[in-house]
Amino acid sequence: MVFNKDLLLEKAHFVLKQADKFGATQTEVTITSTTGALTRLANSIIDQNVAERHFRVSTIAYVGSQKGSTTVEVFDNESITSAVETAVKIAKISPENKDFKSLPEKQSYSDKVSLADLVSKNTIEATPEQRADFAKLAIVSAQAIDKRIKAVAGAVSHTTAERIILNNLGLEAYDRGTYGNINLTVLAEDGTEETAGWSADNRKDFSKLDIQTVAEKAARKAVDGFGMKFIDPGEYEVVLEPAAVAGFLFFINYFGFSAQSYQDYISFLRDKIGTKVFSEKLTLWDDAYDPRLENREIFDGEGVPKSKLEMIKDGVVKNLTYDTLTASKDSVQSTGHNAKFYGRSLPIAQHLLVGEGDSNLDEMIAETKNGILVTHFHYQNAVNPTKGVFTGLTRDGAWYIKNGEIQFPLKTLRYTDAAPRFLAEIDLVGKYMDLNDARALVPPMKLPSFKISGSSKE
Amino acid sequence: MRDLTEKALEVCSKEGATYADIRIVTIKDEDISIKNGTIQTLNIANIKGFGIRTISNGGLGFAGSYDVSAKEIGRMAKLAVRIAKASGATRKKPIVFVDEKPVEDSYKTPIKKDPFSIPSEEKIELLMEADKRLRAYNPDEIKMSRADYRGHQEDKVFASSEGAYITQQITFCGGGISCTAITQGEPPQTRSFPGSFRGNFSTKGYDYFESLKLLENADKTADEAIALTGAKHCPTEKTVLLLDGHQLMLQIHESCGHPTELDRVLGTEAAFAGTSFMTPEKLGKLMYGSEHVNMTSDCTLPGGLGTYGYDDEGVKAKRVDLVKNGLFVGYQSSRETAAIIGLKESSAGMRADNPQKLPLVRMTNINLEPGDWKRDEIIADTKKGILMSTNKSWSIDDKRLNFQFGTEIAWEIVDGEIGQILKNPTYTGITPEFWGGMDAHSKDDWKVLGTPNCGKGQPGQVMYVGHGCGTARFNNVRVGVMQEATSTIGVQ
Numbered sequence: 001m002v003f004n005k006d007l008l009l010e011k012a013h014f015v016l017k018q019a020d021k022f023g024a025t026q027t028e029v030t031i032t033s034t035t036g037a038l039t040r041l042a043n044s045i046i047d048q049n050v051a052e053r054h055f056r057v058s059t060i061a062y063v064g065s066q067k068g069s070t071t072v073e074v075f076d077n078e079s080i081t082s083a084v085e086t087a088v089k090i091a092k093i094s095p096e097n098k099d100f101k102s103l104p105e106k107q108s109y110s111d112k113v114s115l116a117d118l119v120s121k122n123t124i125e126a127t128p129e130q131r132a133d134f135a136k137l138a139i140v141s142a143q144a145i146d147k148r149i150k151a152v153a154g155a156v157s158h159t160t161a162e163r164i165i166l167n168n169l170g171l172e173a174y175d176r177g178t179y180g181n182i183n184l185t186v187l188a189e190d191g192t193e194e195t196a197g198w199s200a201d202n203r204k205d206f207s208k209l210d211i212q213t214v215a216e217k218a219a220r221k222a223v224d225g226f227g228m229k230f231i232d233p234g235e236y237e238v239v240l241e242p243a244a245v246a247g248f249l250f251f252i253n254y255f256g257f258s259a260q261s262y263q264d265y266i267s268f269l270r271d272k273i274g275t276k277v278f279s280e281k282l283t284l285w286d287d288a289y290d291p292r293l294e295n296r297e298i299f300d301g302e303g304v305p306k307s308k309l310e311m312i313k314d315g316v317v318k319n320l321t322y323d324t325l326t327a328s329k330d331s332v333q334s335t336g337h338n339a340k341f342y343g344r345s346l347p348i349a350q351h352l353l354v355g356e357g358d359s360n361l362d363e364m365i366a367e368t369k370n371g372i373l374v375t376h377f378h379y380q381n382a383v384n385p386t387k388g389v390f391t392g393l394t395r396d397g398a399w400y401i402k403n404g405e406i407q408f409p410l411k412t413l414r415y416t417d418a419a420p421r422f423l424a425e426i427d428l429v430g431k432y433m434d435l436n437d438a439r440a441l442v443p444p445m446k447l448p449s450f451k452i453s454g455s456s457k458e
Numbered sequence: 001m002r003d004l005t006e007k008a009l010e011v012c013s014k015e016g017a018t019y020a021d022i023r024i025v026t027i028k029d030e031d032i033s034i035k036n037g038t039i040q041t042l043n044i045a046n047i048k049g050f051g052i053r054t055i056s057n058g059g060l061g062f063a064g065s066y067d068v069s070a071k072e073i074g075r076m077a078k079l080a081v082r083i084a085k086a087s088g089a090t091r092k093k094p095i096v097f098v099d100e101k102p103v104e105d106s107y108k109t110p111i112k113k114d115p116f117s118i119p120s121e122e123k124i125e126l127l128m129e130a131d132k133r134l135r136a137y138n139p140d141e142i143k144m145s146r147a148d149y150r151g152h153q154e155d156k157v158f159a160s161s162e163g164a165y166i167t168q169q170i171t172f173c174g175g176g177i178s179c180t181a182i183t184q185g186e187p188p189q190t191r192s193f194p195g196s197f198r199g200n201f202s203t204k205g206y207d208y209f210e211s212l213k214l215l216e217n218a219d220k221t222a223d224e225a226i227a228l229t230g231a232k233h234c235p236t237e238k239t240v241l242l243l244d245g246h247q248l249m250l251q252i253h254e255s256c257g258h259p260t261e262l263d264r265v266l267g268t269e270a271a272f273a274g275t276s277f278m279t280p281e282k283l284g285k286l287m288y289g290s291e292h293v294n295m296t297s298d299c300t301l302p303g304g305l306g307t308y309g310y311d312d313e314g315v316k317a318k319r320v321d322l323v324k325n326g327l328f329v330g331y332q333s334s335r336e337t338a339a340i341i342g343l344k345e346s347s348a349g350m351r352a353d354n355p356q357k358l359p360l361v362r363m364t365n366i367n368l369e370p371g372d373w374k375r376d377e378i379i380a381d382t383k384k385g386i387l388m389s390t391n392k393s394w395s396i397d398d399k400r401l402n403f404q405f406g407t408e409i410a411w412e413i414v415d416g417e418i419g420q421i422l423k424n425p426t427y428t429g430i431t432p433e434f435w436g437g438m439d440a441h442s443k444d445d446w447k448v449l450g451t452p453n454c455g456k457g458q459p460g461q462v463m464y465v466g467h468g469c470g471t472a473r474f475n476n477v478r479v480g481v482m483q484e485a486t487s488t489i490g491v492q
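Going down the list, the protein sequences come from chains A and B. First residue of the first sequence: 1, per my numbering; consecutive thereafter. First residue of the second sequence: 1, per my numbering; consecutive thereafter.
Bear in mind the hints are in silico, worked out from the structure with no lab data behind them. Some hints could be false.
A few chain A residues that don't get close to chain B, going by computed Cβ distances all over 12 Å [as the list claims (entries may be wrong)]:
no.	residue
1	K5
2	D111
3	L118
4	N319
5	D330
6	K402
7	I406
8	I426
Residues from chain A shown here face chain B by an in silico Cβ test under 8 Å; the list is partial [to be verified]:
no.	residue
9	R40
10	V50
11	H54
12	V72
13	N97
14	V389
All of these numbers come straight from a predicted model, not from anything done at the bench. Ideal Cβ positions, reconstructed from N, Cα and C, are used throughout, including at glycine.
Here chain A stands alone, though its shape is the one from the complex (with noise of 0.2 Å):
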């Protein structure tokens, strides 16, 4: 993919001019041109290949504070003139946005993160060869492991993308950005049980991934699965490694922190700000500058900069994430978090960082009496958003710690628990791991209570 500002530009500039010729007030513009291939594994071969290119233009009109929009995936003018005269003409018929009060006003972005600061010029160049001998590399790293490895499964992938923000009122945002992934689900059989390992890189360089590093400890995870039992449901200790961690934050970031969701009165952390929730070893933050952070973006599906936010700080929830109509009706200002999906919107934080200890996983283990750790979890969902209860699954490796000692692998867990109650008290907070297996930096963690609700057996 050749990246062209210019071009993004001209049709930004040629969508503000037809809004304004069909009668809009204000309008705001989005292009987004991404180019994309993700080779998918299974049973150790390349089962799925696939390449992918898209040009969309995204365009908000209002008439004073009528709303209408269009989303295309259209090249022309002729076609994207039709969209934006379709825009404008819904707005028209659309009725007021009471909550609506401007567009943001022309902003201006830090110069902490440059352009070329977000892209790797090894993902732009990724070949479909490159990523055949990525897959090749990880089944032959697995297999060496050992030989009741059964299967390899997962996806070596590699995106670039430009997006650029037009509004009306002087604002333009331009950024670009590279990503690169590997995950891998590892299976082992052994004549009697199949078990599975899971593991995943994340890089901006799509050459740096560490295939090898990945394939080994994912083979590793199912080769030390075989003899899974079950064990009752209860309260147990747990070691969450970090990618388990990140399955939360997805769901308390996003029925916790959006102010949409407060707005709605989803959010369990409802008239909870300023108040200690959690246990004063969590520490929560967005913040899209951390040149740790492998994919950022330094603005938002506004154009609104983005800066460092604090939401727990020592257990305390600090912050909501907004946007600039759910500020409007806060009467705050945005916080530069929107995300945009086919013309709907809300605000919700995208590069989040959670505090890391001093502890690691070995010193973790060995100061559960009776616990389990988990590699990561499956099939999370929300059972009751207003209190924070969420449910889950284990998958891809979890075992049972007696007295400091791992004993055996478990089969399939379920938990059903409230993040209020399960994130109160935590034991040890570790250092980051070398493996970036989750797009937030997160470490891992013990925690002292975790209700496990039942298994594959009932």
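Chain B: place on chain A using the hints.
Same frame as chain A, now just chain B:
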């Protein structure tokens, strides 16, 4: 259009492909959402693009783009073959498809009123009024109201190197209302109509949306939301559970739909959505449920959200048995996956949600076939139990065995009659044990319900699927699992 499809197939052939197909697709989508008297979303999407799938060197390659020009099609055809060759290098056996007679045909969803011929103003007016009625029912207690509409239309051309050339127009629409009640000292409760997550959808015209009668159902919806705030909690016990269609559909979706997708069974989703306990050696042997359980995959069902003329590899729509009298007998499949386990034909289950995405085995209309009962007869025949309706939360393990669902509302059943409302209902179970406990299913309230929110695949895709079902009864089910899990910690 034929010149473009021929160009793609010709380039693929020249580059060494042994098979190729191309889809050129235009999608229109209208999305309207009203919240608390304010329009949140009024968006019209228009997506155009193509996707080329080829086999070369025994492997599969796919490339798609938004630019439907001869030049870009030629470029992406070459890329698709290059990707296929790279894929083939890792395969132990070349990809083989089951035979499918190539046809030239066309199909159009039969509709009375084209949803895109109805002015947006008319839809907004109806939604605004429904939203207003929800709050007007009790302005002090209904704090949130919502009304949604969505219309969708796809025009597709499919052509293959085997000689198929198929044009289709698929249309669906639908919507719904929901509201949240808050009373003094009680957590919020939400109630929706006709279903949660923005309502219900059907491959029918705008007349289907009108038939939902959102205005007429606003008062009842608001009343139930308020009643829920003061209701008793769902008890924690093992009991007789009745599910009506608005929850039963998701039970079918998660515990029969996904585990009978043959690509998933064969490991394609092993690293993402998971695998399946319904493995090929169990075909024709596993008792999936009781003798009353009959499940089908049927993309011919009129009005079903998973209804079409041909799938995205040119296979004509058909009905396939998945479970017959409780016995696991069939899969949802593609031409490739059917060949792998020796089936004679595909179930016509391949679809992509976007022109630039690779078709995958997707649910069509996965149905629990009608039983012999009437809904009222099942209730009258139940001495003690709980009736649950309208999905609120869902979770199931990677082999599709352990599931846990929450619903918006439940009612006690005592001595054959519906009793008081219960709040925060949840239930859990193991798939074959749960379906093994089904002893009744109705026919009088049997209908095909639809959800446009089924996620699968890497890169991710979201598909629209249907589920035909009525009201069913299950014995010895563990309910109230949320209360059980949180009762000791003061969370209600």
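(message) Checking a non-interface call: every C-beta of chain B should be farther than 12 Å from the C-beta of D330 (chain A). Is that right?
(response) Consistent with the label, D330 (chain A) stays out of reach of chain B, its closest Cβ about 15 Å off (over 12 Å).
(message) Quick check for students: does the CB of I406 (chain A) sit more than 12 Å from each CB in chain B?
(response) Non-interface label stands for I406 (chain A): nearest chain B Cβ at 22 Å, farther than 12 Å.
(request) Measuring Cβ to Cβ, find out whether K5 (chain A) lies farther than 12 Å from everything in chain B. (result) Holds: least Cβ distance 19 Å, greater than 12 Å.
(request) Let me know if the C-beta of V50 (chain A) comes in closer than 8 Å to any C-beta of chain B, holds or violated. (result) Hint holds; V50 (chain A) Cβ to chain B Cβ min 4 Å, cut 8 Å.
(message) Quick check for students: does the CB of L118 (chain A) sit more than 12 Å from each CB in chain B?
(response) holds (21 Å)
(request) Measuring Cβ to Cβ, find out whether N319 (chain A) lies farther than 12 Å from everything in chain B. (result) Consistent with the label, N319 (chain A) stays out of reach of chain B, its closest Cβ about 23 Å off (over 12 Å).
(request) Answer holds if the nearest beta-carbon of chain B is closer than 8 Å to that of V389 (chain A); otherwise answer violated. (result) holds (6 Å)
(request) So, V72 (chain A) near chain B? Judge it on the closest CB pair being under 8 Å. (result) With a closest approach of 4 Å, the V72 (chain A) hint holds.
(request) Run the C-beta distances from D111 (chain A) to all of chain B and say if the shortest one exceeds 12 Å. (result) holds (33 Å)
(request) Test the statement that K402 (chain A) is away from the interface with chain B: the closest C-beta pair must be farther apart than 12 Å. (result) holds (23 Å)
(message) Hint validation: R40 (chain A) versus chain B, beta carbon distance must be below 8 Å. Holds or violated?
(response) The hint holds - R40 (chain A) has a Cβ within 8 Å of chain B, the shortest such distance being about 6 Å.
(message) If I take the minimum Cβ distance from I426 (chain A) to any residue of chain B, is it greater than 12 Å?
(response) Non-interface label stands for I426 (chain A): nearest chain B Cβ at 16 Å, farther than 12 Å.
Violated hints for the displayed structure: none, as all numbered hints are satisfied.
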